[in-house]
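Student: With chain Y fixed as given, assemble chain C onto it according to the hints.
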Amino acid sequence: MNTLLEPFAYEFFRNGMIASVIVGAVCGYVGVYVVLRRMSYIGHGLAHALFGGAVLSTIVGVNFFIGAGVWALVSAVLIHLISHRRLVGADAAIGVVTTSSFALGVAVVSTYRRFTLDFEAALFGNLLGITPTDLWVIALTSAAVAFVMIVIRHELLFSTFDPEVAPVYGISTGRTELIFILLLAVTVVASTRILGVTLVSAAVVIPPVIGRYLTQRFQTLLLITPVIGAVCAATGMYLSYFIDISSGAMIVLTFALVFFLVGGRRWLRGTR
Amino acid sequence: MNHDNVVVGLSGVTVELDGRCVLHDINFDVHAGGFVGIVGPNGAGKTTLMRTIMGLMPVVSGRVEVFGSPPGGKGSDAIGYVPQRQSISPEFPATVGDVVMMGRLRQLGAFGFPRKKDWERVDRSLELVGMQDRRDRPVGRMSGGEQRRVMLAQALCASTRLLVLDEPTVGLDLPAEHEFYALLRRLIQDLTLTIVAVSHDLVAMAGQSDELICINQRMHIHGNAEEVIHSHAIREAYRCEFDFLGGELAHHETPGHQHDG
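Going line by line, the protein sequences match chains Y and C.
Residues in the first sequence are numbered from 1 upward in steps of one, following this note's numbering.
Residues in the second sequence are numbered from 1 upward in steps of one, following this note's numbering.
Chain Y extracted, bound-state conformation:
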């Protein structure tokens, strides 16, 4: 029993566990709309775009959350604007913005090699680096994201379900989408400390997909997805202590394992 509880004796682990649960839940909640709006690519791109901001904030000596946060919000607005101008395909334009930003980060890393460890943390997450201040920032930003999402839930659902009809009933679909992509950017920034820019999109996409296997009801999906996200993140975090695998990778592998178990069960039932 003592062995099972051993990791909780360490403050870094407790901080990491709490942060994982919060990040898993909020990514799952936001992810429901990301998946239904078919914005997975934008979520993935935003996370990569963030890398440039994370690297520059380290070089300039600005707090990670401020530097990367401003960078992510600017990238989100840019992606939103590009998606609505039809000069080139939205996916191609988003690809240009996000990979450019990522490449900028890589270029700076190759110039300032002494920061390699920090950049590895930005790429893959680093639970050991979660300070109590980080924990507060993650908790408060996640609470703010969840609050705004709850306030605009009808607008989000209607504009997701039917962007053509929603404006007739007084919903500004453009404004709703902009607010949502900004919330997604904030979520990605809050989660990067845990999962890194390369793994964060898995926490946004996989839990809602698992949830969709389990329910046909939107309200139920909104309730169970954050729970799936939080439980998988906590499980992955816990296992990483004993298996000695990077916690970000272990969390995502847990998501993937649950996805294959639930998806496989549904597939088996469907083929009977």
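Source of the hints: derived by calculation from the structure; they are not laboratory data.
Nothing false has been slipped in among the hints.
Over 12 Å on every C-beta distance to chain C, these chain Y residues come out as not near it, computed from the model:
| # | residue |
| --- | --- |
| 1 | Asn2 |
| 2 | Ile59 |
| 3 | Val60 |
| 4 | Tyr112 |
| 5 | Val262 |
Some chain C residues judged to face chain Y by a derived CB distance under 8 Å, without partners named:
| # | residue |
| --- | --- |
| 6 | Met54 |
| 7 | Pro83 |
| 8 | Thr95 |
| 9 | Val99 |
| 10 | Gly112 |
| 11 | Ala158 |
So the derived list for chain Y, only partly shown, Cβ under 7 Å to chain C, looks like this:
| # | residue |
| --- | --- |
| 12 | His154 |
| 13 | Val165 |
| 14 | Pro167 |
| 15 | Val168 |
| 16 | Gly170 |
| 17 | Phe218 |
| 18 | Leu221 |
Just so it is clear, the structure is predicted and the values come from calculations on it, not from any experiment.
Note that beta-carbon positions come from the ideal geometry of N, C-alpha and C, so glycine has one too.
Tutor: Only chain C this time, still in chain Y's reference frame:
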């Protein structure tokens, strides 16, 4: 004409899209309690006209009024809209009740939580379209005809007095189409609704509408359906000849003219 019961009034309306004039000097009034069909060839600006009435397209010049207010004003709260749609994705995890409640968004109380009276309104709307027992069914798994009824119930769930329909029966087979039009007729009578429908289906519109408005970027004719389908103006708008025989339509290209496409 009685000018006291004008639901939609357009006067000298011109609309541009990306700098190109798509509607020029459109004038008509729609009166309460009727079924008005808007017809015209492809590219005539029918959908733009419909969006203009709903306040989703700005006008370059002219005046649009819905229930006496400009688009986006108080009158807009009384508009319900049923879009053209082949089907709702079976992957979307919404129930019939969720979708119908969306139409009630403007009327929801504090913090947007539906109250008992909102759910009663949802049930009443579903009852009006004959789907009272389907509130908890996943909407994506229904047939095209059933989904069309759900969208109609969504439109009725607002305090709708004007129903705007875009290609109301596209994708439906003939019996489902007849059933849908019969339902619309019942709603006009029971709820004193006014319906404006945009369609490329001239035969169906001629058979169902009290009045027809024919446009092709400009106004060609507005009158009762019988009068319009036999007019020279409709031939001019479509740039072809029509023979309406027993409800069937045959059309012949007028020599020297090409269809608008």
